[in-house]
Amino acid sequence: MATAELLLVDDSKVMREMIAACLRPEQGLAFSHAGSGLEAIERLSLKKFDLVILDLNMPDIGGIEVVEFIRAQDRLRELPILIVTTRGDDTSRSRALGAGASRFMTKPFAPEALLGEVRALLRRDTRAVS
Amino acid sequence: MTSPFDVREFLAGFLAEAEEHLRSSAQNLMALDRSFAQGQSNARAVRDLFRSLHTVKGLSAMVGAEPIVDLAHAMETVLRSADRAPGTLRREALEPMLQALRAIEERVSALAEGKTLAPAPAAILDALGALQPQDGQGGARPDAAVSLPPEVLAKLSAAEKQQLVEGVAAGKRALRADFVPTPERAAAGLTISSVRERVSNVAEIVKVLPLSRPRSEEAPGGLAFVLVLLTGGSDEAIAEAAGIPKEEVLPVAVQSAPQPAPAFGEEDEIPAEAVQRRTIRVEVGRLDDALERLSALVVTRFRLSRALAALGARGADTREVAEIMAENGRQLRDLRAAIMRARMVPVSELLERLPLVVRGITRTSGKKARVEIDGGGGAGDGQTPEGRSIGGAGFAGVASRAGQEGRSIGEELDKSVADRIFPALVHLVRNAVDHAIEPPDERARLGKPEEAVIRVSCLERSNRQLELTVSDDGRGVDATRLARKAGREVPATDAALLDLLTIRGLSSRDEATTTSGRGMGMDIVKRIVDQLGGELLLKTQRGSGSTFTLRVPLSITIVDAFSFACGKQPFVVPVATIEEIVEVDPGRLVRAPGGREVRLLQRRGETVPLLALESVLHMERGTEPRRKALIVRRNAEPYGFEVDRMLGQQEVVVRPLEDPLVHVPGVTGSTDLGDGLPTLVLDLLSLTGSLGESRPS
Chain E
1 MATAELLLVD
11 DSKVMREMIA
21 ACLRPEQGLA
31 FSHAGSGLEA
41 IERLSLKKFD
51 LVILDLNMPD
61 IGGIEVVEFI
71 RAQDRLRELP
81 ILIVTTRGDD
91 TSRSRALGAG
101 ASRFMTKPFA
111 PEALLGEVRA
121 LLRRDTRAVS
Chain Y
1001 MTSPFDVREF
1011 LAGFLAEAEE
1021 HLRSSAQNLM
1031 ALDRSFAQGQ
1041 SNARAVRDLF
1051 RSLHTVKGLS
1061 AMVGAEPIVD
1071 LAHAMETVLR
1081 SADRAPGTLR
1091 REALEPMLQA
1101 LRAIEERVSA
1111 LAEGKTLAPA
1121 PAAILDALGA
1131 LQPQDGQGGA
1141 RPDAAVSLPP
1151 EVLAKLSAAE
1161 KQQLVEGVAA
1171 GKRALRADFV
1181 PTPERAAAGL
1191 TISSVRERVS
1201 NVAEIVKVLP
1211 LSRPRSEEAP
1221 GGLAFVLVLL
1231 TGGSDEAIAE
1241 AAGIPKEEVL
1251 PVAVQSAPQP
1261 APAFGEEDEI
1271 PAEAVQRRTI
1281 RVEVGRLDDA
1291 LERLSALVVT
1301 RFRLSRALAA
1311 LGARGADTRE
1321 VAEIMAENGR
1331 QLRDLRAAIM
1341 RARMVPVSEL
1351 LERLPLVVRG
1361 ITRTSGKKAR
1371 VEIDGGGGAG
1381 DGQTPEGRSI
1391 GGAGFAGVAS
1401 RAGQEGRSIG
1411 EELDKSVADR
1421 IFPALVHLVR
1431 NAVDHAIEPP
1441 DERARLGKPE
1451 EAVIRVSCLE
1461 RSNRQLELTV
1471 SDDGRGVDAT
1481 RLARKAGREV
1491 PATDAALLDL
1501 LTIRGLSSRD
1511 EATTTSGRGM
1521 GMDIVKRIVD
1531 QLGGELLLKT
1541 QRGSGSTFTL
1551 RVPLSITIVD
1561 AFSFACGKQP
1571 FVVPVATIEE
1581 IVEVDPGRLV
1591 RAPGGREVRL
1601 LQRRGETVPL
1611 LALESVLHME
1621 RGTEPRRKAL
1631 IVRRNAEPYG
1641 FEVDRMLGQQ
1651 EVVVRPLEDP
1661 LVHVPGVTGS
1671 TDLGDGLPTL
1681 VLDLLSLTGS
1691 LGESRPS
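Quick mapping for you: the protein sequence lines, in order, are chains E and Y. No gaps in the numbering here: position 66 of the first sequence is 66 in the working numbering, and each next residue is one more. No gaps in the numbering here: position 598 of the second sequence is 1598 in the working numbering, and each next residue is one more.
Calculated from the structure, these hints are not laboratory results. Source: prediction; values computed, not measured.
Restricting the straight-line Cα-Cα distance to at most 30 Å, the calculated cross-link-like pairs of lysine-lysine (DSBU-like) are: (1) E:Lys13 x E:Lys48; (2) E:Lys48 x Y:Lys1155; (3) E:Lys47 x Y:Lys1207; (4) E:Lys13 x E:Lys47; (5) Y:Lys1207 x Y:Lys1246; (6) Y:Lys1246 x Y:Lys1155; (7) Y:Lys1368 x Y:Lys1448; (8) Y:Lys1207 x E:Lys48; (9) Y:Lys1207 x E:Lys13; (10) Y:Lys1207 x Y:Lys1155; (11) Y:Lys1485 x Y:Lys1368; (12) Y:Lys1115 x E:Lys13; (13) Y:Lys1415 x Y:Lys1115; (14) E:Lys47 x Y:Lys1155; (15) Y:Lys1415 x E:Lys13; (16) Y:Lys1448 x Y:Lys1485; (17) Y:Lys1628 x Y:Lys1568; (18) E:Lys13 x Y:Lys1155.
A few chain E residues that don't get close to chain Y, going by computed Cβ distances all over 12 Å: (19) Thr3; (20) Glu5; (21) Gln27; (22) Leu82; (23) Ser94; (24) Arg95; (25) Gly98; (26) Gly100.
Note that CB positions come from ideal geometry on N, CA and C, so glycine has one too.
One chain only, chain E, in its complex shape (with noise of 0.2 Å):
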């Protein structure tokens, strides 16, 4: 299995910490850290990634805008965007899926819960197998 790039973009570094110890049990990723979403962005135009994983409340400019400018571009239409945030109200939720987030969590997770996220937007989902 080809290894998967994820951007983990939180403004908290033990949060980020906290997804990737989640992430643990599957195999094959790889991480960068983002701590804005100006760096975020930053990073999506020099670097092709598989999965971005991002907070809506961050300095600067917010999880939604990341969102919206990443559509804007057509080589990143494409990739996967699983919002993990604290803001779990409903037009919080309309708004990022409206932007062209892929998925949306509310922190607290459950780390099964995160973990098959990952799996199935990086379509290694394995439902089907077992």
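Once you have looked at the hints, place chain Y on chain E.
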């Protein structure tokens, strides 16, 4: 709900981040308070507060700290509406928010100590819930006209436009600078994060947003970042910080709305974030770890120098190696100093929390007091501990701002000292409000201003000590009353009075108070200072006030240690160096072959050479009939040190005797076990050297 994680794995990281957010939130609440006092709004403080609390909420949810989530959520709700409609936050909102912040702080501390969290106080949640954003005032303020391209303008929130208007009204210029990321720039360390950080040191960043560009050689990522800035500095400074030509720094015209908006206060000149951006968060444990590894390196160096000496004794020419060894020693010293520096935190971080403490107490006690904080600089001269020195130089400023204004306190001290000394400062400040400061009517009668001043100042002394003073302009310590209460003679000097004041459990107040409780806690202050190896002084004058002076070392080392008695004297050794503590059974000892003064202990099939510690240290033997032995291991070989008896285990503050690299072999420093007497800290590993040659093969 419980956490989905093994919380322990992330606890240290959580605490580090949470503490940083709480600290900046406290600063922002104080900044808001000052803005309100001047009838102004402060859009940025509101937004920063909102973001910090949102992060705290998310993190707390992940570690299952529900009471913190509840409190942060309630604060966040108030702040969100305020951020959306700038200028609508009411001053009444501050008090419940301060309370909520304190409640969060308490729970974060509880989490750090592994205690169960108390639920969020319903009264605070209700108070926050009752705050509805106020209409009118600035809420329906017409939009400012800002000369930026529509795609940029559309991304500016009302609060950000307001920030631009406020900045320009305060005499700053609005500017735009574009940064285009490229792989080459990234390789040279120029990324949007580093650029943002550098620019934030020369300008106030209002907004940074990405703009798509056609992919080209100049913009290989198809991307440019637009930085919208406010500055009092030059275009050149910004161009340099952003790594772009000066011509690409463009002015932005800001037409304020018809009714000129209030200006930012002076304290906003230097954004708090600009000061903090150049820092990273590191758990103290990691620095301790680095120090521990360094100690191992130092031990290896001692062995190396011994081996070298042995070579020289056999006639080898070791001069060149000896020179290298000397250089190596200097480098190790420098490295140790560098790690110690990394553990230092600004004293201002400690002191700027005190105004909040006093705010809380004065509200419940009905007294009026404010804290003025004074750094070492300018006003430092008049800082001798004198009861009525307040009113001298440097008194003019409302110094609770000192930390955020240009006159910031530059002194730093070790994090572990800071954590220990802060409760002492809180005790002193509380005592001042509770016991020293008179009620407003009494002060008026005495011709004093109704609002008392508690002045906290800080000064670095030449001998690597920090001097902190807490002065009040209250009634002074009543020596006669105190003496009567203690059943002693009236002390003749301030020093004797301090001794009396620090007797455990003695209180000069007859009933318990809400803030200090029964007993003044002065014995606790004294104990904290003593354990740090510091000094506590008092200068007091009836009717005009008291000054407490705390002199503490800038840095200390803390280790978990066993204490034991040997030769009628107590000693300590770091727990980490001891493999086992065993009972010495005289019947199972054997003499080493050849009748040398070494006895051997049989232990689980191993032969352990045993040495009476007092003979190593050339001391008189104790009278203990049954003795203990501390087993240490060097190079996989066990060694035993015989001692009289174990006293206990505790965390001790180790004070180096002198330079740690040029020390008495076997003695790493001294500590205070709480009896006020110095106790030696031993390094048994280095004492095994005297046993090395006598091992049986």
